[in-house]
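Q: Respectively, the protein sequence lines represent chains A and B. Counted from 1, the first sequence has number 142 at position 62 by the numbering used here; the numbering is strictly sequential. Counted from 1, the second sequence has number 174 at position 94 by the numbering used here; the numbering is strictly sequential.
No wet-lab data here; the hints were simulated from the structure. These numbers were taken from a predicted model, which means no experiment stands behind them.
Pairs count within a copy or across copies, as identical chains cannot be separated in the list.
List of simulated lysine-lysine pairs, DSS-like, C-alpha gap at most 30 Å:
1) K405 / K419
2) K405 / K122
3) K419 / K102
4) K102 / K268
5) K133 / K173
6) K113 / K340
7) K303 / K113
8) K422 / K113
So the chains spell out like this:
There are 2 protein chains.
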Amino acid sequence: MQKKVINIGLMGCGTVGGGVWKVLDTNRDIIRKRVGIEISIKKVLEKDVDKAKAAGVPVKKIISKPEIIFDDPDIDVVVEVIGGTTLAAELIKKALMAGKSVVTANKDLLAQDGQELFQIAEQNKVDLLFEASVGGGIPIIRPLKECLAANRVETVYGIVNGTTNYMLTKMSDEGSSYSDVLAEAKQKGYAEADPTSDVEGYDAARKLAILASIAFNTRVSFKDVFVEGITKVTARDIMYARELNCAVKLLAIGKDIDGKIEVRVHPTFIPQNHPLASVNDVFNGVFIHGDAVGDVMFYGRGAGELPTASAVVGDVIDCARNILKGARGRLSCTCYDHKLIKDIGETRTKYYVRMKVLDRPSVLAAIASVFGNQEVSLASVIQKRNIENIAEIVWVTHDVLENNIQDALKIIGGLSIVEEISNVIRVEG
Amino acid sequence: MQKKVINIGLMGCGTVGGGVWKVLDTNRDIIRKRVGIEISIKKVLEKDVDKAKAAGVPVKKIISKPEIIFDDPDIDVVVEVIGGTTLAAELIKKALMAGKSVVTANKDLLAQDGQELFQIAEQNKVDLLFEASVGGGIPIIRPLKECLAANRVETVYGIVNGTTNYMLTKMSDEGSSYSDVLAEAKQKGYAEADPTSDVEGYDAARKLAILASIAFNTRVSFKDVFVEGITKVTARDIMYARELNCAVKLLAIGKDIDGKIEVRVHPTFIPQNHPLASVNDVFNGVFIHGDAVGDVMFYGRGAGELPTASAVVGDVIDCARNILKGARGRLSCTCYDHKLIKDIGETRTKYYVRMKVLDRPSVLAAIASVFGNQEVSLASVIQKRNIENIAEIVWVTHDVLENNIQDALKIIGGLSIVEEISNVIRVEG
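Turn these sequences into a full structure, and let the hints steer you where they fit.
A: See below:
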């Protein structure tokens, strides 16, 4: 019998869930025509009935027991937008095992338990799609898995956290301090009351784990990613960045260098003429270099009710098309490789080092010679005279080994002529 | 019996065909692992044997009769990269009717005969994929058809011709004249000996026809697109654009306004802070606004051997995945609607108008009053004194109807106080 409708079980009706309801409701007609079949939300799992009602869900569709969805043979696709890693994991597993395709936006869970979930999806011959987990509404997961599948991907650079990008943009445009822009971001609703996951880079690291797993065909988890947040970035660093013709971004960086993987999230100086330098405010951008395609970039809103719902519903449509064609599980996990993930000490990049030193003739030479002894090759130096015999010096290195520069900085930090090493920020491009 | 290899018949071994051979050869292993099966070029149709040999194709694979491909039941996918609209059309039709999936980069053909070809593909239950036809290696067709399928797309803005973008970038950066940069572009191989198709906007119009057909779910052909090339853009216009904080780009614009379609290609002033304003040199960018996702942009190399091959081989991989899953023809043509395409006279936008007038007190008022009488509302005016009693005036209008401004310009052009209307360029954003 020909199917007449693809039924969805929506789990969670918060911001994203509400957006999913709205998009499927508003664009019902064009989606039906594009897919060739009606897509309809049959049940909405949400304990807070008022929240679901506020999103426009009729009361009779709101349920509190997930079993109603698992046990309903007419429900084809489960959308998990509850978030978190405990209940969500349980619900997704049960849905997959009940033979439902699953769409999720849950980056925390995928960056932690992706491997297990994809195995269960594969065993049950259903789809597990997650376009919304990285970059909100920006198409990036599917383009990477499909459109760019002919490429050996060499690097992935992502601005994948809107909160910190908004903060760094503000600091840069207005010269404001970190704490001022954080307060403003909270007030505008761009930062949460507890901003740890954003400002410490954890959110970006989870997204990088997902991106790198796909780009490099090897499992990368959150715990594999080196993370450094933006809490130490000052208006002064941003001023120097501008002098060096750079922008400061919290960059999620993935590299495949001769089959060894680098995955790191940290504040980064990038040249002003790099396409990512103009990705400002809450916007996200993912910049990929493939051996055939060269440089490509994907840009858009990385969060928000409707942009995220756009990606979730796009995945639902994909599930529907696979169901109609008998092709569920068409694109399974592509982590077929087991590549070594480098320790941060083994990575190479350029560094910006800002320090305060005694303003004496031989100081520059003394510090430069420590760098040299530790094989840290220098590209440029800016010296500014400050107050009371103290000068500020900014060094930019060539590509050097992280272990070498850390050794050098330990020695330099111990010199009597050095007042403080104020900040160290990596430089790309 | 389980398939052991997906065999390709490659038709054409010029720049793109050679690139397809190279990408499939270089990345054979990772593609096999990603798809789960070997993808191999079995035959290469190319009259110029030396050209195919130069690309690395073994002589025994080079053929001159397409029937060898059509009649080979082991060939699953045909890649058409011959170009042109006559022979290519015949070959694609025969391939589809022989039950082969087809991948093509042929924008000219699709913008002209797309409807017929997609019908044949659908009747034969095979794929007809064409990611490379717009934006070279940039993923744009599949993201639009799949990832953004939940959206009502409102606008598509594309910088989709690398030659003209290179030329406008050079004119802007160096203040060079149109003819100087055209000569330089030819010398660098960015422009062909006969640059008509690029500089007159025909190439961009073909790509827009394809993009608009997908974005708005209605058939748009090349002949539906209003086209104006960059041949009249002068260094002086670019100078004024800069004064107005704008960049000049050859923009392919598609809009769906209440179910009526606008499709036009012309030089356009766009604000410097628009993401497309930083798409420079030979790079392409496609900027889409959807009702759920908001603004998204796709950026990368719009042409070249390997970038284009990246898209072609990506499509081949998609065909292979569909074959393995028994899901050929998974995503057919989505032009289910029949929307009205507006005449250019019925479109509304802003206009920049540069003219030379007699330098007399009442001239500005006289011209402004003609604009006013024709319902052309003015946003700003710049007057520069030139030599010998002649002044240059630049007007920028608000959003006005094309018919109204054309009427106004006819009257203004006939005024004795007006020496010439030097240029008229549309302004977006």
